[in-house]
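**Q** Residues per chain, in single letters:
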Amino acid sequence: DVKVTQSSRYLVKRTGEKVFLECVQDMDHENMFWYRQDPGLGLRLIYFSYDVKMKEKGDIPEGYSVSREKKERFSLILESASTNQTSMYLCAIQGGLLNNNEQFFGPGTRLTVL
Amino acid sequence: AQSVTQPDIHITVSEGASLELRCNYSYGATPYLFWYVQSPGQGLQLLLKYFSGDTLVQGIKGFEAEFKRSQSSFNLRKPSVHWSDAAEYFCAVGQTMEYGNKLVFGAGTILRVKS
Numbered sequence: 001d002v003k004v005t006q007s008s009r010y011l012v013k014r015t016g017e018k019v020f021l022e023c024v025q026d027m028d029h030e031n032m033f034w035y036r037q038d039p040g041l042g043l044r045l046i047y048f049s050y051d052v053k054m055k056e057k058g059d060i061p062e063g064y065s066v067s068r069e070k071k072e073r074f075s076l077i078l079e080s081a082s083t084n085q086t087s088m089y090l091c092a093i094q095g096g097l098l099n100n101n102e103q104f105f106g107p108g109t110r111l112t113v114l
Numbered sequence: 115a116q117s118v119t120q121p122d123i124h125i126t127v128s129e130g131a132s133l134e135l136r137c138n139y140s141y142g143a144t145p146y147l148f149w150y151v152q153s154p155g156q157g158l159q160l161l162l163k164y165f166s167g168d169t170l171v172q173g174i175k176g177f178e179a180e181f182k183r184s185q186s187s188f189n190l191r192k193p194s195v196h197w198s199d200a201a202e203y204f205c206a207v208g209q210t211m212e213y214g215n216k217l218v219f220g221a222g223t224i225l226r227v228k229s
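Top to bottom, those sequences are chains U and D.
Residue numbers for the first sequence, in the numbering used here: 1 to 114.
Residue numbers for the second sequence, in the numbering used here: 115 to 229.
It should be emphasised that the hints constitute simulated quantities derived from the structure, not laboratory data.
Here the structure is a predicted model, which is why all the values come from computation and not from measurement.
Heads up, the beta-carbon is just placed ideally off N, CA and C, and yes, glycines get one too.
Treat each hint with caution, since some may be false.
To be verified - Straight line, CA to CA, 30 Å or less: simulated DSS-like cross-link-like pairs of lysine-lysine: (1) Lys70/U / Lys3/U; (2) Lys3/U / Lys13/U; (3) Lys3/U / Lys182/D; (4) Lys13/U / Lys55/U; (5) Lys57/U / Lys163/D; (6) Lys18/U / Lys71/U; (7) Lys55/U / Lys70/U; (8) Lys18/U / Lys57/U; (9) Lys53/U / Lys71/U; (10) Lys53/U / Lys3/U; (11) Lys163/D / Lys3/U; (12) Lys18/U / Lys3/U; (13) Lys71/U / Lys13/U; (14) Lys71/U / Lys163/D; (15) Lys163/D / Lys55/U.
To be verified - Okay, the calculated bits of chain U under chain D, using three or more residues with CB under 8 Å as the criterion: (16) 10-18; (17) 65-77.
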């Protein structure tokens with residue numbers, strides 16, 4: 001079975017803190033994605049990566065950065081967290097054993113910034 | 115740019131009744147279309163997908179969807195809803211990139227099931 005793990009289910013941080021959200025896959029999937037989910041807005045793509053050290057901006061990259069040093073791990077970084085980054089963050093993978101178009105999602109991290 | 119519209123934010127149906135969730139997309143070429151479901155506190159699970167061929171696709175949990183090119187629609191249906199179907203449902207269209215495919219999601223439809 002495909003497995004995507006996100007480091008925390010719930011996270012509370014303070015404004016200005018640096019925040020790391022980790023996503024780990026246990027299969028050899030090339031593409032990894034970070035989305036944020038907000039009520040009434042659906043899922044919006046923040047960044048994606050198609051290989052180690054490769055990254056592309058999504059639709060809402062402002063205030064975020066990413067890191068992919070190993071194929072199985074894709075990190076989302078909030079350099080200085082702000083209250084408008086309170087949201088649900090979802091990681092997804094694509095490729096490898098999955099159909100090239102299908103994305104498989106992790107359980108999500110609900111981040112609250114106070 | 116690709117876009118997906120789910121016109122209904124909330125839908126309430128009685129248990130045992132039929133269900134149809136609407137999805138309209140905007141895409142220039144033949145679309146890759148998906149329906150995902152998200153139960154409370156969970157990630158997204160793929161219900162079904164359309165790439166080509168038969169326009170009526172079957173998915174998990176008794177769901178089906180019909181691709182209608184002339185209407186740019188991909189509506190999700192279930193003949194008899196169960197209380198466990200209460201969740202949020204997302205329609206998505208795949209946008210081809212150089213490496214893999216990006217998904218563009220609709221805003222979601224929250225399904226409530228009353229007994």
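**Q** So, for every hint listed, does it hold in this structure?
**A** Going through the hints against the structure:
1. Lys70/U / Lys3/U: holds (16 Å)
2. Lys3/U / Lys13/U: holds (27 Å)
3. Lys3/U / Lys182/D: violated (33 Å)
4. Lys13/U / Lys55/U: holds (26 Å)
5. Lys57/U / Lys163/D: Measuring from Cα to Cα gives roughly 25 Å; hence the hint holds.
6. Lys18/U / Lys71/U: Given that 30 Å is the threshold and the Cα spacing comes to 23 Å, the pair holds.
7. Lys55/U / Lys70/U: Holds: lysine 55/U and lysine 70/U sit about 13 Å apart, inside 30 Å.
8. Lys18/U / Lys57/U: holds (20 Å)
9. Lys53/U / Lys71/U: holds (9 Å)
10. Lys53/U / Lys3/U: This hinted pair holds, its Cα atoms lying about 22 Å apart.
11. Lys163/D / Lys3/U: holds (20 Å)
12. Lys18/U / Lys3/U: holds (27 Å)
13. Lys71/U / Lys13/U: holds (28 Å)
14. Lys71/U / Lys163/D: It holds: about 26 Å lies between the C-alpha atoms, which stays within 30 Å.
15. Lys163/D / Lys55/U: Measuring from Cα to Cα gives roughly 26 Å; hence the hint holds.
16. 10-18: violated (count 0)
17. 65-77: violated (count 0)
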